[in-house]
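Chains as they are written, first to last, in numbering that gives the first Met the number 0: chain A, 0 to 310; chain B, 0 to 243.
Keep in mind that the hints were calculated from the coordinates and are not lab data. There is no bait here: all hints are sound.
Partner residues aside, some chain B positions facing chain A, computed with beta carbon under 7 Å:
1. 6
2. 10
3. 14
4. 81
5. 82
6. 84
7. 85
8. 88
9. 89
10. 91
11. 237
12. 238
13. 241
We put the CB at the ideal spot given by N, CA and C, even for glycine.
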Amino acid sequence: MFAIRTDNLNRSFGGLKAVDGLSLEVLPGIVFGFIGPNGSGKTTTIRLLLGLLDPDGGKAEVLGFDTQKESDQIRARCGALLEYNGLYERLSAAENLDYYGRIWHMSKSEREARTQQLLTPLELYDRRKEPIGRWSRGMKQKLAVARTLMHRPKLVFLDEPTAGLDPVASAALREDLESLAQREGVTIFLTTHNLADAEKLCDQVGVINHGQLLAVGSPEELRSRTSAPRLYLTGKFPPEAIEQVKANPLVRKMDKHNSRLVLDLTDLSRSYEIVSQLVQAEAQIDEVRKEKADLEEVFLSLVEEEKRGGK
Amino acid sequence: MIQDILTVTWKELREMFVQGDPRGRSKMSLILLVIIFGIVLPLQNGREWVSSPTSILVWGWMPFLWVSGIVADSFAGERERHTLESLLSTRLSDRAILFGKLLAALLYGCILTWIILLVSLITVNVAYARSGLLLFSLPLSIGAILFSVLVSGLAASIGVLVSLRAGSVRQAQQLMSVGMLVLFIPLMLVQFLPSSLRQSLIRDADKINPAQAVVWVAVGLLFLDGLLTAVGMVLFQRSKLILD
Chain A
0 MFAIRTDNLN
10 RSFGGLKAVD
20 GLSLEVLPGI
30 VFGFIGPNGS
40 GKTTTIRLLL
50 GLLDPDGGKA
60 EVLGFDTQKE
70 SDQIRARCGA
80 LLEYNGLYER
90 LSAAENLDYY
100 GRIWHMSKSE
110 REARTQQLLT
120 PLELYDRRKE
130 PIGRWSRGMK
140 QKLAVARTLM
150 HRPKLVFLDE
160 PTAGLDPVAS
170 AALREDLESL
180 AQREGVTIFL
190 TTHNLADAEK
200 LCDQVGVINH
210 GQLLAVGSPE
220 ELRSRTSAPR
230 LYLTGKFPPE
240 AIEQVKANPL
250 VRKMDKHNSR
260 LVLDLTDLSR
270 SYEIVSQLVQ
280 AEAQIDEVRK
290 EKADLEEVFL
300 SLVEEEKRGG
310 K
Chain B
0 MIQDILTVTW
10 KELREMFVQG
20 DPRGRSKMSL
30 ILLVIIFGIV
40 LPLQNGREWV
50 SSPTSILVWG
60 WMPFLWVSGI
70 VADSFAGERE
80 RHTLESLLST
90 RLSDRAILFG
100 KLLAALLYGC
110 ILTWIILLVS
120 LITVNVAYAR
130 SGLLLFSLPL
140 SIGAILFSVL
150 VSGLAASIGV
160 LVSLRAGSVR
170 QAQQLMSVGM
180 LVLFIPLMLV
190 QFLPSSLRQS
200 LIRDADKINP
210 AQAVVWVAVG
220 LLFLDGLLTA
230 VGMVLFQRSK
240 LILD
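Excised from the complex, chain A in its bound form (with noise of 0.2 Å):
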């Protein structure tokens, strides 16, 4: 059984298609990243998926429940961070998350322990009493995630957890989110404009724009899939063999930044054959390494791709 499964999932708002035939299918246990640029239907998508909308047209499943006629199942076997974290900024930490824990019927004990067990990891415990009005952005959005985490959930969505925070609280969260996912065990499906984010947290990576899903695998997929294998070499080219380098056939694209040479080639297992050519050609190189395209030029060229409208 699927975590998740969608199939043609649509929805407008007026005229604009915020989700256009989105079909997906989501494994249990994993971290999939739903990445795409701001307004690309990231959000309108979890609120199908939590059965906060109904579809135009198409199904969606979670945790085998249809979103559209269980909705109720789907709200109680999940736990959801939203683009805001919904904190009541009144209440102390530990009342935020006696109130969840309220709310799924949790018993005194158990969320005295629950809490325990979530903030002190984060670091939260402590201060737990504090209403949490003045408290930083990173650590309200820590609080917002071991809330959502409060009653076991199995399927977790977090909608751009990351976003707002500085580099420093960002990477935090990261860290925290990893291990979190690793001891509760739980599906995580979430959002984010962040490819840093994607890349180390998500075993699978789905890439949406304007509502369409451009392209679905694990990062190291995609990376192969999708962009080139790359060479880069660093080191004195003269012009004569910048020029014959470019005329190679294995050499599908070519970029130079002051001693630097990028290289995308058609196949990296014959890039000695440019490296012997270069020096060939009296090209002074110190350093020679071949790399995939990192998440974020995947995504630029999947985006760009669908912009040439060759999805």
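Starting from the known structure of chain A, fit chain B onto it as the hints suggest.
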């Protein structure tokens, strides 16, 4: 369902009374209300405070004032502070959320009114009792308690409806203030009637059996409470609230 309603009510009351600034009313302003309505006004009115049948109007009017001040926040405030969508994404049913908020507003109105009622009784007794305790008559006591519940319910259900539709807390509060003004304009206008007409109205009012009047007004309020709550149930739609 009952447990879910009580959970929502617990959070609402916690926010109102225990932590931080209760819905724009500081704890100081609550104390001020108790001082004005529980001490100053009873001292001014003397024994009349407990013996006059017209004091029932005060007990009927007070909860509307308290509740309308806080209930505007119920949905508009959650929307404004971005907590509504998280709440809607939980397992709570629409009715549990709606009734939880209604119950919290109703309890707020009743508790505050009863505290003031008790304080005013103590004030009148300390200041004016000569021989034996000064107490409200039985019909007046029942009327005050009954009206505080029903009027709190009325204010809560109107407030929740306004709050569901309002774009912001400020807008909801303004609408509630206008509503309250409309409700009390007829009472205020009585002062400007010719004295002969006023006297005749008072004579007519004296002919009314107070117990019967309390029952009829209570039935009317109960009907209104039920009707407005039913409208609230129809208007409460998760997807609509999300898109708003």
